[in-house]
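Throw the hints in and build the complete structure from the sequences for me.
Now for the letters of each chain:
Number of protein chains: 2
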Amino acid sequence: MIEYRNVRVALLGAGSVGSQVARLLLEQAAELAGRAGAGLELVGIAVRDVDAERDVDLPKELFTTDAESLILGADIVVELIGGIEPAKTLILQALSSGADVITGNKALLASHGPELFEAAEQVGAQLYYEAAVAGAIPIIRPLRESLAGDTIVRVMGIVNGTTNFILDRMDTLGESLDDALAIATDLGYAEADPTADIEGYDAAQKAAILASLAFHTSVPLVAVHREGITGVSHEQVEAARKAGYVVKLLAICERISDDDGKLGVAARVHPALVPLGHPLAAVHGAKNAVFVEAEAAGDLMFYGAGAGGVETASAVLGDLVSAARRHVIGGPGLAESNHADLRVLPLGSVSTSYQITLDVADQPGVLATVAGILAQHGVSVETVQQTAGVTRGDEGPATATLIIGTHRARESSLAATVDALTNAAVVNSVTSVLRIEGA
Amino acid sequence: MIEYRNVRVALLGAGSVGSQVARLLLEQAAELAGRAGAGLELVGIAVRDVDAERDVDLPKELFTTDAESLILGADIVVELIGGIEPAKTLILQALSSGADVITGNKALLASHGPELFEAAEQVGAQLYYEAAVAGAIPIIRPLRESLAGDTIVRVMGIVNGTTNFILDRMDTLGESLDDALAIATDLGYAEADPTADIEGYDAAQKAAILASLAFHTSVPLVAVHREGITGVSHEQVEAARKAGYVVKLLAICERISDDDGKLGVAARVHPALVPLGHPLAAVHGAKNAVFVEAEAAGDLMFYGAGAGGVETASAVLGDLVSAARRHVIGGPGLAESNHADLRVLPLGSVSTSYQITLDVADQPGVLATVAGILAQHGVSVETVQQTAGVTRGDEGPATATLIIGTHRARESSLAATVDALTNAAVVNSVTSVLRIEGA
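If you read the protein sequences in the order shown, they are chains A and B.
FYI, the numbering for the first sequence is 1 to 439, going by this note's numbering.
FYI, the numbering for the second sequence is 1001 to 1439, going by this note's numbering.
Treat the hints with care, since some could be wrong.
Unchecked claim - Below, in silico cross-link-like pairs of lysine to any residue (SDA-like), each with a Cα-Cα straight-line distance of 20 Å or less:
(1) A:262 to B:1028
(2) B:1242 to B:1353
(3) B:1262 to A:30
(4) B:1088 to B:1015
(5) A:242 to A:281
(6) A:88 to A:112
Claimed, not checked - Listed next, with one range per pair, are the computed distances between beta-carbon atoms:
(7) A:29 to B:1122: 24 to 32 Å
(8) A:262 to B:1059: 28 to 36 Å
(9) A:295 to B:1059: 20 to 28 Å
Honestly, the hints are just simulated from the structure, not real lab data.
Note that CB positions come from ideal geometry on N, CA and C, so glycine has one too.
Structure (structure tokens):
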């Protein structure tokens, strides 16, 4: 026989995710109580403007502008305001009052995570954040718990739906980046100011959270190398497809060794060439997926909707049921583990393979010169493809395109190589440098 | 500052998974203690024969044949013996002594799950079984916890690596079932007696576990409709590929309504046509994947290694760290929730679409007759494809092949339709009936 006692839930924010959380909490109250072993009572929703229009019709009397008072009476606080302030202050207040907190706030976690986790640990409360990375996809709990006995080697995620939508259209429909972005904006996948998505800021926040979790090490946002997709051209995507790759914006978190062989971690976000046979290559549209390589488990992938109000609400409600169960059982929360405390290494320490495309003079000896430059910097060539030379109009000399695939090399070696190639007399220009991941 | 106190772990069984669990527990002791907040002390390994050869070299002094005494001194018991007895008795003994139990025993859970869960609940212990379904893939915890606030509509899993390996070779290499099975046996993917895999018994056990978990309802193994892959021909696989499908053995668990509109659940295992664009179609070799459709979260997929000693050990160790954390925190375990207690419906209540291949007389009016039979039984035609008629040698009349794709219809209607088609004068034979899933 299960005894029900109500757990008091305060909701901060009623945007696209928050309003769905409120709706489901109200509509599915009996079912959720059965699963949690406790009633989940929505005691109020704090918003800036009580009269604003919402996605969902919710009881007027639940709304308040006084978030601080609402928090005081709550067992569980769900923060879905987003941004740094007032979210951070409200979460710290909730934790200090002993409430468990559920948040989907990736920006806040990526920049102030350790402070929040410490505040939770001090009072034995728990901070849940399944909704912060990859929306509806269960990835936080699998990393924290299911893989808690394994050693994670690498996490590669398509964690931004907007950029995946754009790159997928460029790949499958041959659209330009500008056209695909315009359609993403029309369909509501991209915001009016798409900078956070297409410049990789959003993905970098998620990379910081995933890296911290996967490696039991606090990885600050500033340590995440970030490149967006604005430099990705229609021609690059087309050439990639011909070569058996698809271009994806990846968030990559790795356990690596530095030049001295010391263990560390690195996190980076950039466009990459993914072989067509890799499971990440089949992630289309605005879908997200996180590919995890672990020492014992091998390769795993978690796939699903990375955004959307009701989809993300599913992750929040899962955390809510967990928090309510914990409230019934009692005992301190599961502290965020950063006991491994590995060094966070810069991009230069990362090794990967590259595809370098060069516009070169079409004359004998060019390949030898280029190959020599690569060898000088310790970058080993795996494949070379030279297209037939073309003459530029009447005046210019003949030129050719050289596409070089390299073996694994350090980023620092690559940077030096690209510098040297740019300055070589036989090289007109370095057209494109793309990392190859998952090969 | 974390205080470490040892949690005593007893291991039952040292086969391919058990020996890897023991190895990792010993090798990664410090790391696991850091994550669990408690040392995980392997106090002994119960086996039938202490001197048997193992995959891994383990300290001789850990082995014992006295499982019952070993259990008595343990906080956590890991059962990796498999089969019903003595596994069941030992697990019940462990639970009654208050120990948490971790098991990968799908046969036992599928046939005696409710008894075990009840025994655990009575003493406030917890039964963990992440390793029982889809090996290394975290699927139990996501269903139990991450999706605890959502309503799952359907679970479709490739949960048997052996049959996926065989079907994948038939599809990609054009091999016959017998040839592919022989190679699976050679490579160790199939056992000497492959019945449990190729007849779908293994997948049916996993379907019972997944359905129980997804729908908060106890679904017994006998209620799972089961068909294996022995009836799948090279020709079917080839025809499927041409029509844009791949044949997969699926375990399908659904929330459905019966004829009277009452809610229930159904579980079934059978070969099915999966559209090439569906994420499950890209699951190759011996890999497993579980595709979940939830009301709020939408479509999710969990992909990875479904078997293997070290891979499955990862799932066991994840459960071990969870159990150890719970041991440190205290409080009762998370009881298995079967509060929804939906009716378990027979296959006849399931609706799906079908591809029916007929060998028919090549004469005018055949299609009208066949279409009439389908309409009579309420089965609506979506596509028809008729191949050019062929004459059988000199003597026989001309015949043609009719491939009919149907709209969704109840299994009961389909069964009646196939009966009527078999008895129709213009139909020489019903060559093949395959369900289409994920379209």
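Do the hints match the structure? See the list:
| no. | hint | result |
| --- | --- | --- |
| 1 | A:262 to B:1028 | holds, 19 Å |
| 2 | B:1242 to B:1353 | holds, 18 Å |
| 3 | B:1262 to A:30 | holds, 19 Å |
| 4 | B:1088 to B:1015 | holds, 18 Å |
| 5 | A:242 to A:281 | holds, 14 Å |
| 6 | A:88 to A:112 | holds, 8 Å |
| 7 | A:29 to B:1122: 24 to 32 Å | holds, 28 Å |
| 8 | A:262 to B:1059: 28 to 36 Å | holds, 31 Å |
| 9 | A:295 to B:1059: 20 to 28 Å | holds, 22 Å |
Of the numbered hints stated above, none is contradicted by the structure.
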